[in-house]
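Asks: Residue numbers (the UniProt record's numbering), protein chains in the order written: chain A, 1 to 359; chain B, 1 to 359; chain C, 1 to 359; chain D, 1 to 359.
It is worth saying that the hints were derived from the structure and are not from the lab.
Among these hints, one or two may not hold up.
Identical copies look the same in the list; a pair holds intra-copy or inter-copy alike.
What the hints assert, rightly or not - Cut-off 16 angstroms, straight-line C-alpha distance, at most; resulting in silico cross-link-like pairs (EDC-like, lysine to aspartate or glutamate): (1) Lys66 with Glu86; (2) Lys38 with Glu86; (3) Lys269 with Asp201; (4) Lys303 with Glu262; (5) Lys99 with Glu73.
Treat the numbers as computed from the prediction; the structure is a model and nothing was measured.
Protein chains: 4
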Amino acid sequence: MAGNSIGQLYRVTTFGESHGTALGCIIDGIPPGIPLNKAIIQHDLDRRRPGFSNFTTQRKESDQIKILSGVFEDITTGTPIGLIVENTDYRSQDYSDIKDLFRPGHADYTYEKKYGIRDYRGGGRSSARETVMRVAAGAIAKKYLNLKYGILIRGYISQIGNINCQFTNWSVVDSNPFFCPDPNKLELLDKLIRSLKKDGDSIGAKVTVIAENVPLGLGEPVFDKLDADLAHALMSINAVKGIEIGDGFEVVNQLGSQHRDEMGINGFKSNHSGGVLGGISSGQIITLKLAMKPTSSIIKPGKTINKDGKEVQITITGRHDPCVGIRAVPVAEAMTAIVLMDHLLRYQAQCPDINIIKK
Amino acid sequence: MAGNSIGQLYRVTTFGESHGTALGCIIDGIPPGIPLNKAIIQHDLDRRRPGFSNFTTQRKESDQIKILSGVFEDITTGTPIGLIVENTDYRSQDYSDIKDLFRPGHADYTYEKKYGIRDYRGGGRSSARETVMRVAAGAIAKKYLNLKYGILIRGYISQIGNINCQFTNWSVVDSNPFFCPDPNKLELLDKLIRSLKKDGDSIGAKVTVIAENVPLGLGEPVFDKLDADLAHALMSINAVKGIEIGDGFEVVNQLGSQHRDEMGINGFKSNHSGGVLGGISSGQIITLKLAMKPTSSIIKPGKTINKDGKEVQITITGRHDPCVGIRAVPVAEAMTAIVLMDHLLRYQAQCPDINIIKK
Amino acid sequence: MAGNSIGQLYRVTTFGESHGTALGCIIDGIPPGIPLNKAIIQHDLDRRRPGFSNFTTQRKESDQIKILSGVFEDITTGTPIGLIVENTDYRSQDYSDIKDLFRPGHADYTYEKKYGIRDYRGGGRSSARETVMRVAAGAIAKKYLNLKYGILIRGYISQIGNINCQFTNWSVVDSNPFFCPDPNKLELLDKLIRSLKKDGDSIGAKVTVIAENVPLGLGEPVFDKLDADLAHALMSINAVKGIEIGDGFEVVNQLGSQHRDEMGINGFKSNHSGGVLGGISSGQIITLKLAMKPTSSIIKPGKTINKDGKEVQITITGRHDPCVGIRAVPVAEAMTAIVLMDHLLRYQAQCPDINIIKK
Amino acid sequence: MAGNSIGQLYRVTTFGESHGTALGCIIDGIPPGIPLNKAIIQHDLDRRRPGFSNFTTQRKESDQIKILSGVFEDITTGTPIGLIVENTDYRSQDYSDIKDLFRPGHADYTYEKKYGIRDYRGGGRSSARETVMRVAAGAIAKKYLNLKYGILIRGYISQIGNINCQFTNWSVVDSNPFFCPDPNKLELLDKLIRSLKKDGDSIGAKVTVIAENVPLGLGEPVFDKLDADLAHALMSINAVKGIEIGDGFEVVNQLGSQHRDEMGINGFKSNHSGGVLGGISSGQIITLKLAMKPTSSIIKPGKTINKDGKEVQITITGRHDPCVGIRAVPVAEAMTAIVLMDHLLRYQAQCPDINIIKK
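Construct the entire structure; sequences and hints are all you get.
Replies: Structure below.
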């Protein structure tokens, strides 16, 4: 398998299986002279950590980040940053019983058929655990973007099942285990998740990501449009089935006279575009939405086949999220940060003499 | 501007402005020994051509493709294929009046601010005309995929405004200028488009792309998942604001027990996933949906600013589609073909000894 | 065949066969706002042109460059530059007789065996004619580097056969068809080349390239060292068999105390390194040497095999250089310029806040 | 600093400073199903290890490799391989005295000026210690190439100072600490190195690499020629100043009738080309030569400047090789293996239906 890198100038390459010795990544392209320490990364890792709440998987991982290179006396040197998180709490026996089965909705079948071999322990490389290093690399990008331009990249849960969550303010998002911005929906969500746990079932979710203070000029027209690279990065997160920027699918029923964002002396009069015009950031707020499928690992029995092609019933025990979408929030923020960081460096390469980007 | 290439092993690099001398591309990575001639490419170019119907822009371009290299005696040699289409019908004067204005919903503003200069004639590089070479490169990929595995990649209009078009069969799609699969909606669409033309307004659309006979095994886990690369390629098409694979945003309100595709002795019992599991094609039909924003170039007056920052009224004359989504159908097919072709070559690089892919 | 691109941020992709319709390239990554016109490119094309002197191949090509995109009112817009040169004087019949033979020292055999097909007309893609687009892309890079930093990249012939040419000054180099810097060797070279033509044989050469005013800071440690990327670019030129930077192979017999360049208040006291330390330009003059093999296409008969594997005698008529090294001079300059240009943009991406590079 | 990756399909990305916590790399693109364990990698690491002989640096590193991912039950799964070697024996105090000086012949000056900061401990990222991970990644490539095609990649010292070493057989190379193939020169080399140690000086060397059983067809014409990619990979090794393939610089004084390798019914009659024609492997033995500069870290005093630009005398104590070229032998083998591995996968991507490569 290749394809374990993302970004051209801020290039993140990851490795690691769910139940291997460790997960790790190399970040190549970080500029020199940036303040960086473990705490900056650990903060975001803790937000996605299993067991962060009793609504997410109960796997107990401390997920302690180690910085192995690229930082000298708490400053980046410009050399590649090697990061590692050791797997401390894996119980292989949990999975031995499904060793020869293909879990429905999982990558077991495609991995086995493509590679002729798979590490069946906890999904190996296809486990959501793989996102640990995305969050670590994203945390460094977030730090740089914020230091240099005051860019803020934050996400929240905008829907779970049929429960819509209206955005109120960010402190609400940080105050509950659902990353829910709507205080009036917390009890409903609590009920829903508990009943799903009881039923051994799971539910989908919608995640919204907001990027503020993004300077005008990020993104390359044609194939590497900013929104195209964001779609790539976000769709690469496990369980994502749909991506929207700005008005997204609502545009299907909009008129040109409604949709196009008019301009005035104070700038744009609306933001249907979601902050990107012709693939380039317009200086407006960037708004993204992700559709997250329900967790496939559920206790409720289902039909599948084994390696011999025989039909069998399967019920997946072990520790799993009733709503994988919840923990996707910090991951979606991280992927957004990685893409913006990459395009910021690309901008600097090609338009160093134009100062729009310097606010 | 960089970012004018797509694909790693089937690599397409394009150039050309709407009103420049010519549009062109280089395709690097085409295998040797493939039958190829102009007619194969011209067929798809004609499907997207302006003036193909009286419902799309009236610009009259013959769009004659020229093959400059890489083909010897109608067989590919494995050397890069150089393609070119000359611009014959451009009227720069059409655009002189908006030379100093930023058309709302267009890239004028972001290009001007990012690059400090822009070719204002017809949007230059940001014009939908740029998609000509996407279609040409896609036609070659389609040909190869079909020859080698019988892969079929076809698209249609599934919605325009609030008019839903149900799929019936492909011959209907080919028989009308809307690429509409639903014979009962043709009259409604005709009425809608005519009234929009009268009003000088435009409308959004939803495009569906279906890829059949895609072998199991295409796509690389983690960042270069097949669905992630498809999302990138499709979101890079002008005017696309949303992407769905399989059930897309419907998953938000689905239970895990509903969504996960169970398996039996005859294979999968459903296809909610849209033909991709863990980023790898599962052998099922691949289903994609695109949200297309309404054309921003409309006669209806709107507010914008000029280069001096003064607010002015703008009305865009010239020849434009009331629904840019219609002509996006062959472009979406082409981008899907380019991504599948690229991953087919990537598969061959890494799993040459495993024969799943050989049906 | 892939591998038709070079550079990461100043990315040049070429196409075209010796006897195809045209040769062309796309340059992706040129910054906006740079003055550019045909004359700038044509000047270098004329220096490498066949028939430039009666000591190089007699093929008569005017090699007129056409700029198809990326330049608006003689200024680069930042969009990709499409370039093309039409093949006007090709005589396929010249080559029909060797259609089924593998010319010794040529790529005929490896192309045929690797791809199962080849365009045998004049070597197709493996012809030295492929270097036309290298020179065109290099001319643009040279222009930019000179405008921005006063960088000068110039080459000369330092040896042909056993005739050593001492550098005197650049005006001598420009005043003779050998790019020879040594006025005392012109007559000897003239004699040598004439006798080789009489014998139907050819000779090797050594080319030296000098880059002046290169700012400190270009090149990335480890794999993409400046000297490593230069070695790649120069070794990719047809007929090159060896590359040296600075003292090159002389270092084998040097002591550390001799080789290492000491520093003083006025900078470096010597330049054994050739202007690169640890893969990064040091601000000193960059010196490179190339070993060019003798032309393989000679009239003198030789032994080879045909497609049936039968041993046959071959004698290659047609129009060929007795010393292919001569015309390699402008090509070597161009490749050096492309690499420096690429690393200049890479520098700007990663160290935009450090001003060493601004002299 | 970017540029810490090499290879397109067999992609190696490294991190780590001389005196950091650890050195590591990620190998992306290894095919699944290959037997792999620590011992295979450790064997080559031991060959380059400091303290391997009393003629190389006395630093005592056990250099124990750890495989963190990508291998399951001693078989590669196709997922990325994470490797790590911890730094156990680093003595930072050794270097504190040169903290503010720029060691002549080193990257201290260029790093400091480019990045504005450097890890001065033992050269940080620019230390020869960086090559540990090259050797590890090369060992895996060697294993695969040998398993699949019986390819053998081996190197030796062909010259140190003015002492020429004639090749006799590989068992001699393995039997002495100089990787010298010539039993008659061992005593001379021993004397030379001892006297250099006494003088506190160092000497250059020439390394030869031989690749046998390389199938025809590896390498991509034009920019990614096999020899161009080899030149890049080998020139990227610290201290390399020159590269030759086949006859190298001898071609300058050769006639075409001498150089071109004629063919007969039994194949090529000679191998002046060094096994590559038109950038593609010809099926002959591949021969490469490297010029290695003398170690710059010597006890003998030299002149340099400090951070304030003042001229000072410097004498470098600590543990250093009198001839860095010796330990470059396994590194050069490794880089050759990485390039051949990469092109083997690229071949499989583009010419899967042609069986020349299967001997």
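Asks: Now, for every hint given, state plainly whether the structure supports it.
Replies: Hint by hint, here is what the structure shows:
When the C-alpha separation of Lys66 and Glu86 is checked against a cutoff of 16 angstroms, the pair qualifies both within a copy, at 9 angstroms, and between copies, at 13 angstroms. With identical chains, the CA atoms of Lys38 and Glu86 are at most 16 angstroms apart within one copy only, with a shortest distance of 15 angstroms there and 19 angstroms across copies. For the identical chains of this complex, Lys269 and Asp201 are neighbours neither inside a copy (44 angstroms) nor across copies (19 angstroms), given an alpha-carbon limit of 16 angstroms. For the identical chains of this complex, Lys303 and Glu262 are inter-copy neighbours only, at 5 angstroms across copies versus 53 angstroms inside a copy, given an alpha-carbon limit of 16 angstroms.
Only between protomers do Lys99 and Glu73 lie at most 16 angstroms apart by alpha-carbon distance; the minimum there is 14 angstroms, versus 46 angstroms within a single protomer.
The structure fails hint 3 only (numbered hints given earlier).
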